[in-house]
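Q: Sequence:
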Amino acid sequence: MKAYGAIVSLVLALAAGCNVMREARIAQKGVEGKAAGEASASKSCPDLGGNLETLVAFALENRPSMASARIAVEDSRLALKEIASNAPLASRTPWNAVDASASIGHSESSTPAHFKDMKSKTDGSASASLSIDVLLWDFGRNDADYRAQAERVLAAELDLVRTGYAVFNEVASAYFSRLQEEALLAVAFTNETMRAEHLKRAEEMLDAGEAQKLDVLRAKLDLAEAEETIVAASNSLVAAEARLANALGLEASCRKNIVAKPVSLDQTFRAFDDTEFLSEEMYAFARTNAPAMQIARARLRAASFAVDRAVSDLMPSVSASFGLNWGDPLWYWRWGVSAAQSLFTGFKKTTAVERAVAAMDSAAAEVDAAELDLSLNIEIAINERDNAREAVATALASVHTAQENFETVRGQFLVGDASRVDFTDAAADYVTALANYIKAFYRGQIAEAKLFELGGVEPVYE
Numbered sequence: 001m002k003a004y005g006a007i008v009s010l011v012l013a014l015a016a017g018c019n020v021m022r023e024a025r026i027a028q029k030g031v032e033g034k035a036a037g038e039a040s041a042s043k044s045c046p047d048l049g050g051n052l053e054t055l056v057a058f059a060l061e062n063r064p065s066m067a068s069a070r071i072a073v074e075d076s077r078l079a080l081k082e083i084a085s086n087a088p089l090a091s092r093t094p095w096n097a098v099d100a101s102a103s104i105g106h107s108e109s110s111t112p113a114h115f116k117d118m119k120s121k122t123d124g125s126a127s128a129s130l131s132i133d134v135l136l137w138d139f140g141r142n143d144a145d146y147r148a149q150a151e152r153v154l155a156a157e158l159d160l161v162r163t164g165y166a167v168f169n170e171v172a173s174a175y176f177s178r179l180q181e182e183a184l185l186a187v188a189f190t191n192e193t194m195r196a197e198h199l200k201r202a203e204e205m206l207d208a209g210e211a212q213k214l215d216v217l218r219a220k221l222d223l224a225e226a227e228e229t230i231v232a233a234s235n236s237l238v239a240a241e242a243r244l245a246n247a248l249g250l251e252a253s254c255r256k257n258i259v260a261k262p263v264s265l266d267q268t269f270r271a272f273d274d275t276e277f278l279s280e281e282m283y284a285f286a287r288t289n290a291p292a293m294q295i296a297r298a299r300l301r302a303a304s305f306a307v308d309r310a311v312s313d314l315m316p317s318v319s320a321s322f323g324l325n326w327g328d329p330l331w332y333w334r335w336g337v338s339a340a341q342s343l344f345t346g347f348k349k350t351t352a353v354e355r356a357v358a359a360m361d362s363a364a365a366e367v368d369a370a371e372l373d374l375s376l377n378i379e380i381a382i383n384e385r386d387n388a389r390e391a392v393a394t395a396l397a398s399v400h401t402a403q404e405n406f407e408t409v410r411g412q413f414l415v416g417d418a419s420r421v422d423f424t425d426a427a428a429d430y431v432t433a434l435a436n437y438i439k440a441f442y443r444g445q446i447a448e449a450k451l452f453e454l455g456g457v458e459p460v461y462e
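So for the sequence shown, our numbering puts the first residue at 1; every next one is plus one.
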């Protein structure tokens, strides 16, 4: 009866183990079809509006890369929990220093006899035991492991943030690319309208004897080229919509459910206001706030604690044990304290210290490399932003000039004061200016989005 305590402990441990096993089997079952390459159930395509902030929020919840980063954070926390379970008595979690095990058994045997005289009757007895081992002190091994893993947890959490910024930048780039292709398609339709008008007027002038057949043929060729441009622009728009769907974590076929804003040539859609800071200011801020830099420094601190762990391995460990045994009808117990120190391991432990120092130096070099990469990327992004802004101003002036020139030439062409060449050149200049303005504007918005990612700053939507 006195062995019931050990039996209860054993049953509870088995129950906990069975629950973990059950959850593990359920998880395995859930990925069997995917691992075997079976077609997954068709995912629904949600109706999404054309607002960038809404699209980014959706992507942060549905992108597989975000799911992987969240799982990495959870795994790093479980590893920290595992380290805490091996803590010594002199630690922040002394209750984890105790390892207890229980066992019960029953055995029977026959009385000694010659083989021919052995009977079926046997005698037996029940037994039980309870064993407790306590790690008293490990000279900082567990503490170093815990601190190193805590930094790895921080690095995993920061990597989740960095992944979120990368998803934001991908969605923003795909979003503005789609708006750009929609606007360029509108430009292509405008070009087609102008070429159709040119052809109609050329045919009228030919009938009136005021033009040559060559003028009509050239006008037909221009119209055909304009129609080809519409086809190419339509294909580019479909590709941009598919890339946006992919950036959101949706199948490419869901592109039609991403509702677009109506596009006209007198509109461009802004999501971010113009920033004015210089690259030096941006770098000074991002050097301490960018997720990439924080991750690199967290990994360096983890490598430093790993050196502590390797050094602690050169020291002994002190532990105590207690055992209680029962063999019907007798009880007996035992206890003891021990200290263990390895004397010679083929320089394995000293080499481990040297390797830990080398890993720390490598992590320090990675911090330097991250700073250099950050400086380069910020310089490029700031330059892209400034160039796009200058291109917008230049292109906008070109649009106004080209539009005025086209309207003037168009009026002269209708009364016969301008040639078909003048009309064709004016129309081409106007279309080119429109396209250049649209590309420059959205290139600037993409550069603004990149700066949010590099700086680790929460996007501010206009």
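Treat the hints as calculated values from the structure; they're not laboratory data. Misleading hints may appear alongside valid ones.
Here are the computed lysine to aspartate or glutamate pairs in the DMTMM-like style, where the Cα-Cα straight-line distance is at most 20 Å [what the hints assert, rightly or not]:
1) Lys81 x Glu151
2) Lys220 x Glu210
3) Lys220 x Glu197
4) Lys220 x Asp207
5) Lys213 x Asp422
6) Lys349 x Asp143
Fair warning: this is a prediction, and the values are worked out from it, not measured in the lab.
Q: Regarding the pair Lys220 and Asp207, is the alpha-carbon distance no greater than 20 Å?
A: Holds - the C-alpha atoms of Asp207 and Lys220 are around 16 Å apart, at most 20 Å.
Q: Between Lys220 and Glu197, is the straight-line Cα distance small enough, at 20 Å or below?
A: 11 Å, holds
Q: Would you check the hint for Lys213 and Asp422, treating anything up to 20 Å between C-alpha atoms as holding?
A: With a Cα-Cα distance of about 17 Å, the restraint between Lys213 and Asp422 holds, given a limit of 20 Å.
Q: Within a Cα-Cα threshold of 20 Å, do Lys349 and Asp143 meet the stated pairing?
A: 18 Å, holds
Q: Please verify whether Lys81 and Glu151 have alpha carbons no more than 20 Å apart.
A: Answer holds: Lys81 to Glu151 is near 13 Å, not above 20 Å.
Q: Could you grab the alpha-carbon distance between Lys220 and Glu210 and see if it respects the 20 Å cut-off?
A: 17 Å, holds
Taken one by one, the earlier hints all hold for this structure without exception.
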